[in-house]
Structure formats: structure tokens, C-alpha cells
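**Q** Listed here are the chains, written in short residue letters.
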Amino acid sequence: MPALMIEIFQRRTTRLALSAFLLLANACGADKANAPPVMTAGSRAYTADQASAPAAPGMPAQAGAPAPAMPGPIPATAGQKVGAPATTPPGANAKAGDAASRAAHAAMLIYTGALSMQVDDDKIAKSIDQIIDVAESVGGRIMSRTDASVVVSVPSAQFRDALTKMEPIGTVTNRSVSAQDVTEQFHDAEVRLQNLRATRQRLQEFLAKAGNIADTLTVERELERVAQEIDVLEGKMRFLKERAAFSQITVNVSPRPKQAITKDPPPPPPPPPPPPQRLLDLPVEWFSRLGLKPLLDLR
Amino acid sequence: MKLSLLSASLFALAMAGCHSGAQLQAPDGFAQLDGQKSYDWRAASAQGVVLAVRTEPNEPRANVDFWADAIDVRLRRQGYTAEARKDVKSANGSDGKQLRYSRVEDGRTYRYWLTVFVNNDRVYVVEAGGDRDSFDPAEKLVERAVLTVRAG
Chain H
1 MPALMIEIFQ
11 RRTTRLALSA
21 FLLLANACGA
31 DKANAPPVMT
41 AGSRAYTADQ
51 ASAPAAPGMP
61 AQAGAPAPAM
71 PGPIPATAGQ
81 KVGAPATTPP
91 GANAKAGDAA
101 SRAAHAAMLI
111 YTGALSMQVD
121 DDKIAKSIDQ
131 IIDVAESVGG
141 RIMSRTDASV
151 VVSVPSAQFR
161 DALTKMEPIG
171 TVTNRSVSAQ
181 DVTEQFHDAE
191 VRLQNLRATR
201 QRLQEFLAKA
211 GNIADTLTVE
221 RELERVAQEI
231 DVLEGKMRFL
241 KERAAFSQIT
251 VNVSPRPKQA
261 ITKDPPPPPP
271 PPPPPPQRLL
281 DLPVEWFSRL
291 GLKPLLDLR
Chain V
1001 MKLSLLSASL
1011 FALAMAGCHS
1021 GAQLQAPDGF
1031 AQLDGQKSYD
1041 WRAASAQGVV
1051 LAVRTEPNEP
1061 RANVDFWADA
1071 IDVRLRRQGY
1081 TAEARKDVKS
1091 ANGSDGKQLR
1101 YSRVEDGRTY
1111 RYWLTVFVNN
1121 DRVYVVEAGG
1131 DRDSFDPAEK
1141 LVERAVLTVR
1151 AG
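So the protein sequences, as listed, match chains H and V.
Using my numbering, read the first sequence as starting at 1 and increasing by one per residue.
Using my numbering, read the second sequence as starting at 1001 and increasing by one per residue.
Everything labelled a hint here was simulated from the structure, so no lab data went into it.
Mixed in with the good hints, there may be bad ones.
[Stated by the list, open to error] Derived lysine-lysine pairs resembling DSSO-like cross-links, with alpha carbons at most 27 Å apart: (1) Lys126/H x Lys258/H; (2) Lys1140/V x Lys126/H; (3) Lys1140/V x Lys1097/V; (4) Lys258/H x Lys165/H; (5) Lys1140/V x Lys1086/V; (6) Lys1037/V x Lys1097/V; (7) Lys263/H x Lys1037/V; (8) Lys123/H x Lys258/H; (9) Lys165/H x Lys1037/V; (10) Lys1086/V x Lys293/H; (11) Lys1086/V x Lys1097/V; (12) Lys123/H x Lys263/H.
[Unchecked claim] Below, a sample of chain H positions facing chain V; criterion: calculated Cβ distance under 10 Å: (13) Asn212; (14) Glu234; (15) Met237; (16) Phe239; (17) Leu282; (18) Trp286; (19) Arg289; (20) Pro294; (21) Leu295.
[What the hints assert, rightly or not] Per label pair, the in silico range of CB-to-CB distance: (22) Thr1109/V x Leu298/H: 18 to 24 Å; (23) Pro272/H x Gln1078/V: 52 to 58 Å; (24) Thr1081/V x Pro271/H: 24 to 30 Å; (25) Arg1077/V x Pro268/H: 17 to 23 Å; (26) Glu1083/V x Lys263/H: 57 to 63 Å; (27) Pro1057/V x Leu298/H: 21 to 27 Å; (28) Pro272/H x Gly1021/V: 45 to 51 Å; (29) Asp1087/V x Pro271/H: 43 to 49 Å; (30) Gly1093/V x Leu298/H: 30 to 36 Å; (31) Lys1037/V x Pro271/H: 44 to 50 Å; (32) Gly1048/V x Pro272/H: 23 to 29 Å.
From the three backbone atoms N, C-alpha and C, an ideal C-beta is built for every residue, glycine too.
Let the sequences and hints guide you as you build the complete structure.
**A** Encoded structure:
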């Protein structure tokens, strides 16, 4: 009898612990706002990085700033530290996580550039070819092309270089460069991913200890949900990394307006010759006998 | 009375004989031509250069400028090309105008000089002309001969 009571007590304790854990796991994965404190540390790191973020290429106010160094692969050690189990006291690894985040992440900027240029009417296609050549020469590629525009994707590190090489192809009439900072999004996703992985690990441990079918099913459902969230976050991070690694440049090419040829108006037609002068025939008979013919006629 | 009439007739005849027409001194190489009807005097060189003078009534009465202009207009209308216009003076001191022209006929170029003097009643017209190839070598002779006219 006491043995039975002990077993019942142990089961209740296990259920209670499982329920408490699932409650925590849900809270961890479902709402970004309830993210563990390490996220706050990451956000601070982002803010600090942003303050010293490299200049966006092509932006006048930051002219001369080097192109941003795109974030490389995230070091596993840093990720593991940041993604320590939620039970870890927040203050304990906040400083370490902050430093790791700074080291691991430079600002992730997605540059978008647009150029409008004018070229000679018969050189539009050739100019677009030249723009594509420039993009490919810096490791980029063509994304789309129409008769009068082209969209190319270039490595973000070569963004400024590509723009500089494209500008002389025509007469630039408009230039715009914008940068979208996705550092925070990426970092948030990274932290959530690490927490979810830790949760998955713990769920797997619970699953191994589950004593009945009901518990097993409950943990498996939770494992499936966590796995789906992990997939979504990994996809999002992949997307952000790719977007930040390459920047898009849209170039619209239009024909140069033909200069109005200031053609001198044709000269007015010459006035018709005036009628012959009206001369008086003097009534002088001997005038008719003047001249070479009568003079030289000796007969 | 009869004597008076006779004397007057003789004087009139004498005067008429003295006013038979203007003449030039023919230059060397020129032969004076007789029996002229349209001219008071005419002479020609062996190369075909001809000098002549005529006397016409100064009607309508005008000065030498008028007659020079009137003749110039007439000749230009006939296709003569004016080349020069000069003031000249005759042997007896009359002021005159000399008009020099050229004219192309049948591919040959001719010279034609016309010099006009005027007194109260008369217009003296001295003409000189000929093929350019003959006239130009005799130009100086012609120039001097024209001015030997006694107008008035």
C-alpha cells in the first residue's frame, strides 16, 4: 500500500513538472515579446552596432564610408552562449551575450539602389548590356530586364563600386540609395531559434522519461510545434542573410532628349527683280546713228 | 542796194563754207575717208580702227553733261559695257566728256570711245572704235587725235 501511494505521488509530481515546463515552453516560443532577457541584451548590441554602422554606399552624408562588412556565419560558440537554457539567470550571461552579439553581427543592411540615366536614342540596349556587364564583373547577376530598364543584384560589398561603374554609362538624372537595417530582425530570430532548440532538447528529454501514452502524445505534439517554429525561423534567417549579402540596383534608361536644332529659318526668297527702268526715248534722231556698226561700216 | 545784197550773199556763202563740219587731225597710219554722209569727217587705219566726228544740233538745248548722260543711257541699253568716263578738253578749249565702252560681237571684243563737246548750237560727237586687238595698240594715237577736234 505505501508503495502504491509513493507511485501515485511520483506520477503527480511528473505531470506537474511537465505541465510547468510546457507552460514555459509555450511562453518562450509563442510570443516574441516574452523572449528571454538575452534578447534584450541582443537588442542593446544592435543599438550599439547601429550607432557605429558603416555608411550606406552612395549616400552623400556618409560619403567615403567603407562598404558594410556583411555578417559572416554565426559562430556556434556564440550562438550556444546566447542560446543558453532559459533557466540560466538573465544577468549571468547578459554581458557575455552582448559581447558575443557585437562580435558576431555587424550591421546587416539591405541596400537598394536606383539610377535613372539618359543615353543616346540608339544606345539604350547597348547601355543596358553594359550595366549587366558591370554587375557581372563585381560578382552580381541580372534579375530582370525590359527594353528600358534592368534590375541587377550585386554583392553588397561591391554595391558602391558597381554604382560608380554604372554611372558613366549615361547621363545620370536621378540616383537614390536606401538601406534597410535587418540586424535586429536577424538577431531576434537567432535568439528565438536558439531558445527553441534548447526547448526541443528538453522536450526530447521529457519524452524519454514519459511514463504513459498521454504524456508521450502531449510532448510529441509540443515537439512538432517547436520543430515547425525552428524551420520557420531558420528560413527567415536564411532569407535575411541572402538579402543582406546581395543588393539590388534598378537602372532605368531613357533616350536623351534630342536637342532642338536651332535651324535658321530659310532665307526669304529673293525679291523678284525690279522691272527695267523706264527710260525716256529722247526725240533725238541722230542717236540711232551712234555705235560701232555705223562707225565701222565704211561702205 | 544791189551791191549790198551781193555782199550779204557772198558773206553768207563764206560763212557756210567755213562751217562745213568738225575735223580731226588724222594720226599717222590713218587715211581720211571722203564722201561721208553721216559724218563730218572719218578716217580709218589699215587695221580697221576708225575715227569719225559728227556735228548735230543742240536740240533740245542742253549742256555737255546732259548729252553725255543721254548718250550713255542709250549705249548701255544697246549692250555696250561702260569702262570709263573722263573729262577732256578739245583743242580749242571746249570741255567735253569721253565715254569708253567695250562690246562683244560674234565672240570678238570691240572698243568704242565716244567724246562729246557742246557749244550753244552744236553737239560735236567724236567716235573711235575697232577690234580690241587693233584698237589697243593704237590707243594713244586715238586719244591724241580725238582731242584735236575744234568744237565751236
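**Q** Okay, which hints does this one fail, numbers in order?
**A** 2, 7, 9, 13, 14, 15, 16, 23, 25, 26, 29 and 32
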